[in-house]
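**Q** Protein chains in written order, with this note's numbering: chain A, 203 to 411; chain B, 16 to 211.
Hints are not guaranteed to be accurate.
Pair ranges (Cβ atoms, derived) [as the list claims (entries may be wrong)]: (1) N52(B) / L406(A): 30 to 40 Å; (2) A177(B) / M407(A): 16 to 26 Å; (3) K408(A) / V79(B): 52 to 62 Å.
I should point out that these hints are in silico values taken from the structure, not numbers from a laboratory.
Please read all numbers here as calculations on a predicted model, not as lab measurements.
Ideal placement from N, C-alpha and C gives every residue a C-beta, glycine not left out.
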Amino acid sequence: MIQLRQMNKKSSRLKYLTNGIILENPTLILMIGLCPTLATSITVRDGLGMAAAASFVIIGSNVVASLLRRLIPATVRIPIFIIIISTFVTLVDYILQAYEPGLYQVLGVFVPLIVVNCIVLGRVEAFAYKHNVLDSMLDGMGKSLGFTLVLFVMGTIREVLGSGTFWGRPVTPAWFRQYPILLMILPPGAFILIGILKALLNKLMKPGS
Amino acid sequence: MPKNPALIFLAAFLVNNILLIRYIGLCPFFGVSTSLNTAFGMSAAVMFVMILAAWVTWFIFHIVLVPLNLIFLRTATFILVIAALVQFVEMFLKKSYRALYSAMGIYLPLITTNCAILAVTFLNIDYRHNLLQATIFALGTGLGFALVIILFSAIRERLDYAPITRSFRGYPIAFIAASLVSLAFLGFIGLFGLSL
Chain A
203 MIQLRQMNKK SSRLKYLTNG IILENPTLIL MIGLCPTLAT SITVRDGLGM
253 AAAASFVIIG SNVVASLLRR LIPATVRIPI FIIIISTFVT LVDYILQAYE
303 PGLYQVLGVF VPLIVVNCIV LGRVEAFAYK HNVLDSMLDG MGKSLGFTLV
353 LFVMGTIREV LGSGTFWGRP VTPAWFRQYP ILLMILPPGA FILIGILKAL
403 LNKLMKPGS
Chain B
16 MPKNPALIFL AAFLVNNILL IRYIGLCPFF GVSTSLNTAF GMSAAVMFVM
66 ILAAWVTWFI FHIVLVPLNL IFLRTATFIL VIAALVQFVE MFLKKSYRAL
116 YSAMGIYLPL ITTNCAILAV TFLNIDYRHN LLQATIFALG TGLGFALVII
166 LFSAIRERLD YAPITRSFRG YPIAFIAASL VSLAFLGFIG LFGLSL
């Protein structure tokens with residue numbers, strides 16, 4: 203009996219991690235955090251850079267909010283969460299500026315804007331404030347993986363079709379690179395691509411439709 | 016970036032439209048653009064708070080943070096200041112201007128986490144705008160937000176009645192419609208020599 207309960211607990215733990223990847227994917231299912239997804243998926247490298255920065259903030263603030271959850275009074279929790287989140291955002295801001303100045307230039311205003319990314323505040327408020335540190339960390343990692351997956355897929359498609367390269371290396375014939383589908387790296391391409399991805403996901407999740 | 020106020024306005028309003036070209040503030044864009052009424056309320060609230068936030072954060076940055084060498088605190092300061100400002104505006108409107116409050120009151124709390132507002136305050140600093148330029152930039156961005164969200168809500172009201180394959184209904188078709196509107200806005204590139 204006890205063993206069974208432990209097993210159940212273990213599988214629910216694992217669920218915190220795996221839920222975020224497809225079933226509760228922050229971008230494609232919950233439809234939050236759209237701005238950085240569309241804006242920074244022009245190339246795979248930029249997309250993964252954004253994903254790494256956001257993941258650091260999501261996991262870090264989930265852990266800290268969960269550590270402090272007994273000390274934070276419910277009435278002023280939102281301002282306190284915002285302070286925790288903006289601490290991590292400031293850290294990322296300065297780390298990127300120091301070690302990855304090229305990436306920092308490309309991401310631009312989207313680095314400080316992680317502070318208003320609904321994924322971060324949403325997870326802290328809905329999950330970390332009510333769960334222990336380990337679960338909150340797993341939940342943060344799961345949501346980050348889901349976000350990273352979408353950025354990777356979109357970045358790959360947009361970079362291959364829009365500039366004919368992958369991670370800066372040419373992967374398509376020279377004629378294609380000379381006349382790539384320029385639309386894909388422009389804003390309309392991002393909107394069309396996420397629309398098609400969302401429709402595909404709808405189709406896969408509800409096979410009857 | 017242009018320095019002339021008229022060009023700053025045009026760049027923020029059309030050429031670098033905050034929703035369709037810069038992709039900032041998309042959550043409220045897709046969330047409240049389902050009907051014309053909510054689109055009007057939301058864009059009025061955004062324009063109003065955007066200008067106020069641009070002023071307040073400009074003063075805080077140049078009078079408090081820069082002289083005290085506290086620029087690294089700008090992210091935390093700006094978001095808390097905007098959150099407090101929105102609360103004050105909400106209380107003030109509730110008490111003094113009931114009609115205005117009933118029109119845009121329910122959208123005010125949502126604005127605290129609206130990235131468009133925060134983005135304008137950061138961009139004002141990145142572009143080294145003075146107070147006049149910052150105001151014009153906020154006004155142009157707010158009007159650009161309103162223009163697109165109101166145009167788009169009209170499109171979405173029509174989309175509700177259109178025969179669309181089931182897996183494309185809702186968000187997917189909205190994204191594709193946004194893509195076409197965004198394509199139209201790309202046509203403004205080059206207007207008066209303004210670029211992306």
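**Q** Look at each hint and say if it fits the structure.
**A** Comparing the hints with the structure gives:
1. N52(B) / L406(A): 30 to 40 Å: At roughly 35 Å between Cβ atoms, L406(A) and N52(B) fall inside 30 to 40 Å, so the hint holds.
2. A177(B) / M407(A): 16 to 26 Å: 23 Å, holds
3. K408(A) / V79(B): 52 to 62 Å: 53 Å, holds
Going through the hint list in order, the structure satisfies each hint without exception.
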